[in-house]
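Asks: Starting from the known structure of chain A, arrange chain H on it as the hints suggest.
Going line by line, the protein sequences match chains A and H.
Taking my numbering, the leading residue of the first sequence gets 2, the next gets one more, and so forth.
Taking my numbering, the leading residue of the second sequence gets 2, the next gets one more, and so forth.
No lab work stands behind these hints, which were simulated from the structure alone.
Incorrect hints may appear among the rest.
Identical chains share a label here; the pair holds if one copy fits it or two copies do between them.
Claimed, not checked - With a cut-off of at most 20 Å between alpha-carbon atoms, the simulated SDA-like pairs for lysine to any residue come out as follows:
1) K62 <-> D131
2) K277 <-> Y215
3) K285 <-> E266
4) K62 <-> N126
5) K62 <-> G125
6) K233 <-> G101
7) K41 <-> D286
8) K99 <-> Q152
9) K62 <-> A15
10) K158 <-> T24
11) K285 <-> M16
12) K99 <-> M84
13) K62 <-> A127
14) K61 <-> A127
15) K323 <-> Y3
16) K99 <-> E151
17) K233 <-> P263
18) K99 <-> D149
19) K272 <-> Q297
20) K99 <-> V148
21) K233 <-> A265
22) K62 <-> A128
23) K233 <-> E139
24) K99 <-> Y29
25) K158 <-> N289
One-letter residues, chain by chain:
Number of protein chains: 2
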Amino acid sequence: MYSFSQLAEQVARAMAGLSFPQTPEMLYQPMRYALLSGGKHIRPVLLLMCADLFAQELEKKHVDLSLGVELFHCFTLIHDDIMDRASLRRGRPTVVSKWGVSAAILSGDAMLIEAYKLVCGAAGNAAVLDAFNRAATEVCEGQQLDVDFEQQPTITKDEYFAMVGKKTAALLAASAAMGALAASAGDADVRRLYDFAYKLGLAFQLQDDYLDAYANAAEFGKATGGDIAAGKKTFLFVSTVAALRGRERDDFLLLMQTTRLPTAEKVLQAKRFYAKANAQQLLKDAENTLFNAAMQSLAQVSAPRERKEHLERLALALLQRKT
Amino acid sequence: MYSFSQLAEQVARAMAGLSFPQTPEMLYQPMRYALLSGGKHIRPVLLLMCADLFAQELEKKHVDLSLGVELFHCFTLIHDDIMDRASLRRGRPTVVSKWGVSAAILSGDAMLIEAYKLVCGAAGNAAVLDAFNRAATEVCEGQQLDVDFEQQPTITKDEYFAMVGKKTAALLAASAAMGALAASAGDADVRRLYDFAYKLGLAFQLQDDYLDAYANAAEFGKATGGDIAAGKKTFLFVSTVAALRGRERDDFLLLMQTTRLPTAEKVLQAKRFYAKANAQQLLKDAENTLFNAAMQSLAQVSAPRERKEHLERLALALLQRKT
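Chain A with its partners taken away, still in its complex shape:
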């Protein structure tokens, strides 16, 4: 069994081995930049860990699939940053802010095509491809819901979980399932690993919401409060709306829709409402519930406990992360 750092190193080596043409420079330079932006490579490592549970040995096809999901993830970040008008990601300028909208659209498109080249070439069977295809569509649906929800004054918790389930959890779940499928795991184990990673993905998104409001900005690589400024419907938002009543709830919704306040002031006031609603604690409770459910799914996977230790550690690390 390989540890997170061993697999992350393998992924990083394989990523460094990807080569793109030199020209058109405005197409391939943003792609190289986006791929070498020092992400955590959670999806490819998760895929490889799940393959490692069942395969005799990790093969090139597993690594290619893992790169495919990472490139897909990278494509979504490039395009999401256009829609979110984001200027920073992981402490560096986004592709759209560095090269403009056209280059960001096209380099994202080309990245999606590269992702499909890798996945189609390595899938081997229809089930692996189906899992990827399904998640690919769900991620687009989730991003569209996210954009739609920005325009709505409020949404329910169910709507929140439906959105982040597609936007964030689906690709993590598909990564786990693809790794297991490519290593010929049985259907029941594929489903359990899918469930494990799906619930973990929801918890991961809660941690994202948490960090966007409360992270140490220096560690975080970008300013906190971005979600509040953009009117994103985070878990902190939906649980605050659900907890407040009457005048206070109205004031909160009014605040979240205003464009008149300076960002810092809006963030400060929003966090006061979060505190009244005990939203931080509600988020941590929900995160723990999801984490425990994920662990239960993992426990049911038919592999010896000690073989699953790296997956447990990965899950824990995702929830304790500061960035």
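Replies: For chain H alone, kept in the frame of chain A given last:
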């Protein structure tokens, strides 16, 4: 053998049979709109004609591949219209002008994913997929070159053909090759059909350049002169630059870069330079040369002459089109 109209009808029926979820509405409504915009379905018909040359009978896999290339083409139109700030296509508002940038990016992304689902599901062998993958990347490269060239005062004819070869000819050529490959044609015939469609694709783009400047606007479905207004490097532009000398050449380049003139006036003046350079005739000459070369490639395909008649007629129709 099936005629253009028989195959176009089959494609239209199959397209009408594609179904997408109802929600998120802002994702799937633009996709439906873009697919039902009454395009000519040249690429899927070309693919089916090339399959029909060698297959006993056209099968579902051929139709699925043909839909895949049409959906891919449709994805490129949605995203290109964002980059080109185009408000009309085929006489109707573009997706970006109707639903905005975010919805256009995402519905284009989801369309590309649907294209890959169809092509991967029906490819059957690696060669079909490789042909599609190669073209997919080339189309992105060609579009990037097109965007790059807008910023340059001038380009050479070689640069022009390299750009339109990728942006327009590559997908037509891949469609022909994919059809032949999926019907188990031999390598030599696949190559000849690729060459046929590639040269035809270049001629097709010349006709596009011609129509953008000289079409009957009512038949054309949008205003003429769009390429001149946008500073596009068309064949008319490059052959005018190549034909003019000294002061006249400088004046033309200056005119094409100006943003101060009203569009109608700029278009009028540009066309005067085109006339001096005899650019219309140069374009028609180049178009005929390419058309004849395409016909030569087709003639070498090892199938009886009468089986190739529909492809000949398709080629002719593409060059005589008014829209």
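Asks: In ascending order, which of the hints set out earlier in this document are inconsistent with the structure?
Replies: Of the numbered hints given earlier, those the structure breaks are 3, 7, 11, 15 and 19, listed in rising order.
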